[in-house]
Amino acid sequence: MSEVKIEKLCKSYGPVEVLKDIDLTVEDGSFVVLVGPSGCGKSTLLRSIAGLEPVNSGNMTIGGRQVNDLPPAQREIAMVFQSYALYPHMDVYNNMAFGLKFAKTPKAEIDARVNEAARILQLEPLLKRRPRELSGGQRQRVAIGRAIVRKPQVFLFDEPLSNLDAALRINTRVEIAKLHKMLTATIVYVTHDQVEAMTLADKIVVMNKGRVEQAGKPLDLYYKPSNLFVAGFIGSPAMNFLPAQVKKGGILALQDGQELKAALPSSCKTGDTVTLGFRPEHMSLGGTGKFALTGIIEIIERLGESGFAHVRLPSGQTVVAEVRGDPRTSSGQSARLTFDADNLHIFNAEGQRLN
Amino acid sequence: MRKPASAIAVHGILILYTALALFPILLVIMNSFKARKAIFGAPLAFPTPSTFSLIGYDKVFGDSSIVSYYINSITVTGGTIFFTLLFGAMAAWALTEYKFRWNTTLALFLAVGIMVPIRLGSVAIIQLIVEMNLINTLTALILVYTAQNLPLSIFILSEFIAQIPKDLREAGRCDGLSEYNIFFYIVLPLIKPAMATVAVFTMIPVWNDLWFPLLLAPTGGKQTITLGIQQFLGQYITDWNAVLSALSTAIIPVLILYVIFSRQLIRGLTSGAVK
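Line by line, the protein sequences are chains A and B.
Just so you know, we're using our numbering here: the first sequence kicks off at 1440 and counts up by one.
Just so you know, we're using our numbering here: the second sequence kicks off at -11 and counts up by one.
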């Protein structure tokens, strides 16, 4: 069992609170991705789990053992750094074997583990090379290898792909997913890239300003974001938001006067201001949806199979709609976007989900 | 591509400067191989078969105390380099890596040590060394030279240690290394080029120093070579053959040390650590 449990974790640098009351459970063998904008505290949380940052209060257990006051080495974790942090004066073999040597592991055991990791990561021909003689992707694999040989309870990844170029990033992403399946390892992974989060995670934890905004399965977060922040953060391009007012009888009135009927909870009172959210792929250009918005197409991003039309509404707001194939429209033309109430997300004035 | 004319000019200036710097050394070595008469007759001439003489070297190596002065000099210089590098690197690591209460004050105190020449404290140092019964010992010289060189070496090494990526030290911590092991197995190998620089800076003034050997270890067979050579310089007669031969051979040990360290100077060891 290598479950990670975090309760009421707080950390501050002087008066600045960087982590506020974090509760998080990483189930044994699961892949948890911490995601959020820069400065949201996700890296700090990861480093706290690693024991590299002291915390102010709260409780942390790894595999049922309280680790609050243990140094990193005794927490049975292995960390893969964004910069790889390979020891430049050692060859690949020694980079991986270094920690084991200090743990007084028998030499034969070290040999076996390093060779096993090298085989898994296809590093066998590179064992005698120094880090400076390796490409970025190879260095990345050595960094992962150094983590594997320690047989830790938990793997911690700190933005491991952000130094790789786009093509290599996608490859390595798949490699990491395969590795997770093969090792059935417990992984905590930090990234600011929500595509990485969506594709790798069993559970995504969205963080903002030192708090956990929402934690759940990737598709749950996608289809049922619990607040405005998560709704805007997950999904690319981002969800469109429009303000609306609650009218009598559960009718929502958009700013342009258009009214639409949606299932509203009883807590909604007449006169309340709400925010409507709808994703680009649920809007269509000139489709048959019940509700329509009209505006001027500012730009169409064509990706081949599909594209994104950025449409400026009379209110001055821009909404993005996905278009299939090659639409015969071009920028500057007026467009009619339609959508259905089924895929509508409704948030109250505090940003909490209502439906 | 640079224009050939300017390349020639640059090389011309450099060659001129090199010749200027090497000329006195060449003069010393050249004349050390000549008979006394030839040294005064034609100081700028190369030794010829008729003027060639090894009498100076005979005198220097015939005098057993001179050999022990060499050993003294090597011991003092070697000891000073060792302790300066060890304590300098340790202090630099502590000052850059750990945040503690008197961190800044301590760094300032050391900076003052760079600015104030240690010779100002000569009288106090003599008193101290006498009190400690260390007069006429090599230990006294090593202690004083280490103290003299520590501030600057801490200052230089701190700059280099600060450049070691934080992630590397933390990777070490995750790998289960103690703070001492991080220092000895990760930090020290990575600041080798800086340590070589400090070693060269330390070595040459210590080897050439006349002041402290004269004050702290002037007799008892504990003289360093620079002090030992003085015995050939008399008030009325100076044995130039012996002086020039001793000076020529005194160059060799520093030269060897320099060659060892300069290989490290060129190396950029941190490349490839992080992207």
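Note that these hints are calculated values from the structure, not bench results.
No residue lacks a Cβ here, since even glycine has one placed at the ideal position from N, Cα and C.
Treat each hint with caution, since some may be false.
[What the hints assert, rightly or not] Pairwise CB distance ranges (calculated):
1) L74(B) with E1572(A): 48 to 56 Å
2) L74(B) with E1456(A): 38 to 46 Å
3) L74(B) with L1509(A): 52 to 60 Å
4) V247(B) with R1558(A): 40 to 48 Å
5) E1572(A) with P37(B): 36 to 44 Å
6) E1744(A) with F88(B): 41 to 49 Å
7) A1551(A) with V247(B): 57 to 65 Å
8) S1574(A) with M103(B): 27 to 35 Å
9) E1737(A) with A(-5)(B): 25 to 33 Å
[Stated by the list, open to error] Among chain B residues calculated to face chain A with C-beta under 8 Å, some are:
10) I43
11) D46
12) K47
13) G50
14) E85
15) L156
16) C162
17) N169
18) P177
19) L221
[As the list claims (entries may be wrong)] The calculated DSSO-like cross-link candidates involving lysine-lysine, where the alpha carbons are at most 27 Å apart (straight line), are:
20) K1687(A) with K1708(A)
21) K1656(A) with K1686(A)
22) K1700(A) with K1663(A)
23) K1663(A) with K1590(A)
24) K1540(A) with K47(B)
25) K1447(A) with K1700(A)
26) K1648(A) with K1620(A)
27) K1686(A) with K1700(A)
28) K1459(A) with K1444(A)
29) K1590(A) with K180(B)
30) K1567(A) with K87(B)
31) K1617(A) with K1590(A)
32) K1648(A) with K1687(A)
33) K154(B) with K1459(A)
34) K1729(A) with K1459(A)
35) K1700(A) with K1687(A)
36) K1729(A) with K1700(A)
37) K1459(A) with K1617(A)
38) K1648(A) with K1617(A)
39) K1656(A) with K1617(A)
40) K1540(A) with K154(B)
Right, here's what the structure says about each hint:
1. Our hint of 48 to 56 Å for L74(B) and E1572(A) is violated, since their Cβ atoms are close to 31 Å apart.
2. Between L74(B) and E1456(A) the C-beta distance comes to about 42 Å, which sits within the given range of 38 to 46 Å.
3. Checked against the hint of 52 to 60 Å, the pair L74(B) and L1509(A) fails, with Cβ atoms roughly 31 Å apart.
4. Look at V247(B) against R1558(A): about 44 Å separates their beta carbons, and that is inside 40 to 48 Å.
5. Separated by about 55 Å at the C-beta atoms, E1572(A) and P37(B) break the suggested range of 36 to 44 Å.
6. At roughly 60 Å, the beta-carbon separation of E1744(A) and F88(B) lies outside the given 41 to 49 Å, and the hint is violated.
7. Look at A1551(A) against V247(B): about 43 Å separates their beta carbons, and that is not inside 57 to 65 Å.
8. The beta-carbon spacing between S1574(A) and M103(B), approximately 47 Å, falls outside the hinted interval of 27 to 35 Å.
9. Under the hint 25 to 33 Å, the C-beta atoms of E1737(A) and A(-5)(B), about 58 Å apart, miss the expected range.
10. Checking I43(B) against chain A by beta carbon gives a least distance of about 50 Å; that is not within 8 Å, so the hint is violated.
11. The closest approach between the C-beta of D46(B) and any C-beta of chain A is roughly 48 Å, which is over the 8 Å cut-off, so the hint fails.
12. Residue-level restraint check for K47(B) is violated (minimum Cβ-Cβ distance to chain A is 48 Å; threshold 8 Å).
13. The restraint placing G50(B) at the interface with chain A is violated, with a minimum CB-CB distance near 47 Å, outside the 8 Å limit.
14. For E85(B), the interface hint is violated, since its Cβ never comes within 8 Å of a Cβ in chain A; the closest pair sits about 13 Å apart.
15. Annotation: interface hint on L156(B) holds; nearest CB of chain A at approximately 5 Å, less than 8 Å.
16. Hint status for C162(B) relative to chain A: holds, with the closest Cβ pair at about 5 Å, below 8 Å.
17. Because the closest C-beta pair between N169(B) and chain A is about 6 Å apart, less than 8 Å, the hint holds.
18. Because the closest C-beta pair between P177(B) and chain A is about 4 Å apart, less than 8 Å, the hint holds.
19. Annotation: L221(B) was flagged as interfacial toward chain A, and the flag is violated, the nearest CB pair being 48 Å apart, outside 8 Å.
20. For the given pair, K1687(A) sits about 8 Å from K1708(A) by alpha-carbon distance, which is consistent with the 27 Å threshold.
21. For the hint linking K1656(A) to K1686(A), the alpha-carbon distance of about 34 Å lies beyond 27 Å, and the restraint is violated.
22. Distance hint between K1700(A) and K1663(A) is fulfilled; the C-alpha atoms sit about 19 Å from each other, no more than 27 Å.
23. Taken as a hint, the K1663(A) and K1590(A) pair is broken in the structure, with Cα atoms around 36 Å apart against an allowance of 27 Å.
24. For the proposed pair K1540(A) and K47(B), the alpha carbon gap of about 56 Å is over 27 Å, so the pair is violated.
25. Between the alpha carbons of K1447(A) and K1700(A) the distance comes to roughly 41 Å, so the proposed pair goes past 27 Å and is violated.
26. As the CA atoms of K1648(A) and K1620(A) are separated by approximately 32 Å, the hinted pair breaks the 27 Å bound.
27. With a C-alpha separation of about 10 Å, the suggested pair K1686(A) and K1700(A) falls inside the 27 Å cut-off, and the hint holds.
28. Proximity of K1459(A) to K1444(A) is assessed by CA-CA distance (about 16 Å); at most 27 Å being required, the pair is judged to hold.
29. Between K1590(A) and K180(B) the CA atoms are separated by roughly 32 Å; this puts the pair beyond 27 Å, and the hint is violated.
30. A C-alpha spacing of about 37 Å is found between K1567(A) and K87(B), which places the hinted pair above 27 Å, so the restraint is violated.
31. In summary, the hint linking K1617(A) to K1590(A) is supported, as the alpha carbons are separated by about 17 Å, within the 27 Å threshold.
32. Only pairs whose Cα atoms come within 27 Å are accepted, and K1648(A) paired with K1687(A) is rejected, the gap being roughly 36 Å.
33. A C-alpha spacing of about 25 Å is found between K154(B) and K1459(A), which places the hinted pair at or below 27 Å, so the restraint holds.
34. A distance of roughly 43 Å separates the Cα atoms of K1729(A) and K1459(A); the hinted pair therefore is violated under the 27 Å criterion.
35. For the hint pairing K1700(A) with K1687(A), the CA-to-CA distance comes to about 11 Å; that is within 27 Å, so the pair holds.
36. This hinted pair checks out: K1729(A) and K1700(A) have alpha carbons roughly 10 Å apart, not beyond 27 Å.
37. Of the pairs offered as hints, the one joining K1459(A) and K1617(A) is violated, with about 34 Å between alpha carbons and a cut-off of 27 Å exceeded.
38. For the hint linking K1648(A) to K1617(A), the alpha-carbon distance of about 32 Å lies beyond 27 Å, and the restraint is violated.
39. For the proposed pair K1656(A) and K1617(A), the alpha carbon gap of about 19 Å is at most 27 Å, so the pair holds.
40. About 22 Å separates the Cα atoms of K1540(A) and K154(B), which keeps this hinted pair within 27 Å; it holds.
Checked against the numbered hints listed earlier, the structure breaks hints 1, 3, 5, 6, 7, 8, 9, 10, 11, 12, 13, 14, 19, 21, 23, 24, 25, 26, 29, 30, 32, 34, 37, 38; every other hint is satisfied.
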